[in-house]
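*Asks:* Residue numbers (the working numbering), protein chains in the order written: chain A, 1 to 342; chain B, 1 to 328.
Just so you know, these hints were derived from the structure itself, not from any lab. Computed from a prediction, not measured in an experiment: that's the story for all the values here. Ideal Cβ positions, reconstructed from N, Cα and C, are used throughout, including at glycine. Possibly wrong hints are sitting among the right ones.
[Claimed, not checked] Derived Cβ-Cβ restraints for the label pairs, each shown as a range:
1. Asn293(B) x Glu159(A): 38 to 44 Å
2. Ala306(A) x Arg325(B): 32 to 38 Å
3. Leu117(B) x Arg160(A): 25 to 31 Å
4. Phe125(B) x Ala82(A): 49 to 55 Å
5. Thr39(B) x Thr193(A): 35 to 41 Å
6. Leu295(B) x Glu242(A): 29 to 35 Å
7. Trp91(A) x Phe125(B): 49 to 55 Å
8. Ser212(B) x Phe210(A): 50 to 56 Å
9. Met107(A) x Leu295(B): 56 to 62 Å
[To be verified] Covered by chain A, according to a simulated footprint, are these stretches of chain B (three or more residues, beta-carbon under 8 Å):
10. 27-40
11. 74-88
12. 94-104
13. 122-132
14. 307-317
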Amino acid sequence: MRKLFLAYTTEFVLFAVIIAMSVVLAFTTDRFFTLGNAFDLLNISAVNIIFAVGLLVVLISGGIDISFAVAASIVQYVTALALERIGGGGWLSGFLIAAGIGIVLGMINAFLIHRFRIISIVATIATFNVYFGLLMFFTKGVSIYNLPDWLTSRVIIYEREMADGSWAEITLPVVVMAVCTLATWLFITRTTTGRQLYAFGDNPEGARRFGINIGAMQFIAFGWLGLMAGIAGLMQAHYAQEVVPNALYGRELDVLAAVVLGGARLGGGKGSVLGCVLGVLLVSITQNGLNLMGVSPFAFKMIVGAIILVAITLSSARIGNLVPVFATRKSTGNRPADRVEG
Amino acid sequence: MNALAARFNAIFGADMAGPLAALAAVLVVFGFASPHFLTGATFGSVAFQLPELGVLTLAMLMPILTGGLNLAITFTANIAGLTLAWTLQANGGIDAGPGAFLLGSALALAVGAASGLIMGLVIAFTRAHPILVSLSMMIFLRGLGEFLTRGGDISGFPTFVAPIGHGSILGIPVPLLILIACVIASHILLSRSKLGFSTYMIGSNIESARYSGINTRKVLVLVYMLSGVVAAVAGIIMLARFNSVRVGHGESYLLITVLACFLGGINPFGGFGRVLPVFVALVVLQLLSSGLNLLGANQHLTTAVWGILLIVVMVLRWFSAKFIRIVK
């Protein structure tokens, strides 16, 4: 048990915090502990979780990406235009187009990073500005509202009428989120490439000497994030029933905060899908709980920011100092100051 | 004579080559493209637009030199601006006197310092990653600002505030004077003071800096506090320029400040880079913006071109490094 705890400290702590918060919210509000609310939470978090598992892969490989949310905006817009051109299309063509464009945009980042040895944060800040600037320039900030019917109509996977007459529903984004999460988990824990990504993120030079193709690693990591960003963009358009060019602007930093809250390390080599999902859920549950407790929506961000700040402070202060039972005999905590590396 | 040449080299060293070349390229290209480019009007507009972005970039610079990042600068500026705005309002709004302004500015700087202090303490004592600490501080400050203003804006300041954003002394815009003062102060601080030396040491290698007797925690806290104070200066300038404060003003500058630092040759891992090339890079960015504006492009295209410029500079740097390797 102690070994398991040490291996998954962040996940355990996050899980405990979520449970504690849920218990408090279940007693203080009458709506939190209902199936309907739980499903609402999932529906709302779905897009962010898809982004988060994509970003996780890049963080594990030692990179960072600022441009994925803006890339998803481009995907939304271009997909909507392409669907109009081909006369409607369907879910299959929608997914293929969105995934394709997403992968291409991710590959552009990987190309700059690998071919010209640009540090990933520099490269993606540059592409962030290029993508967003060009999108706003060509679209003139105009939103698209006449999306195909199949894209905007809600797809309900599972529904159940509650005692009070309201409906609890699980919609398509949740299923897509589950598939993306599972695929990412299988990819990074059950495939050779996934293990290589961890090795590469932990020590690029060591990985190179070991015979890992570092170029392939960059393209796979950023391509995977591009794929997830494309899918998330399509799901956001489905959920919002419109395409607004700057709707996802700024989302990248929120997702980044949630992913790292979930234990991924800036600098590479560490992070799990479970932690990543718990990180996003913790933020969503906080907002949801504040909402149900009747706190002004204007205060949400403030409280969420404070919680993340406290969480990062506590999780970075070594757990062994706080809970002596779990102190490792030989401190391995003397890691050098983490850096973002390309 | 040699001493003079050495001195010249020290100021316009190798790291100035990139930004100066870009400056020359921008001047030549737009000089030919538009007859109105090389006129006083262009440089006047640049002089008024540069300071907000410039001061914010200086706030970003020092944390990057330590190997960190301060993503909270724009909202620190907002909160500092709000502090000043409320102080003015509490003292009579439009009729507030210079005393209220000075008090408000002092409070604004204190708020900026407090934001930096908290981040610095967390970063220095828990070794949490600066990106995360400043990111959560940014989310917190944005929320705080939205909570306190309910998303609205605050305006109605005494008339003597406007010249800080729009006035000129001897033909030089006041905001530009503030920026130049900040640039000189940063340059002296980084190249002449013990704090500056320690900043570079920490950015190069924090462990060896600690072993060589530098109080790394104290330096980190001071660096983030200074960053917060400089961001607060930007907040005061923005208040005077827009004649209002609104949470989210200048938010789009956040990643541009990082871009400007990298364009100015600052090493993303910290430890290397100087203030003057960054200043030149800022001038290049702003001239590009004005030039494109003259040619009829809008702000969004400018943003895209800024991003392309950063990529081009990075690619050229890669080519030149490769070329040097081949020649050797």
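*Asks:* Hint compliance check: list the failing hint numbers for this structure, sorted ascending.
*Replies:* 1, 2, 3, 5, 8, 9, 10, 11, 12
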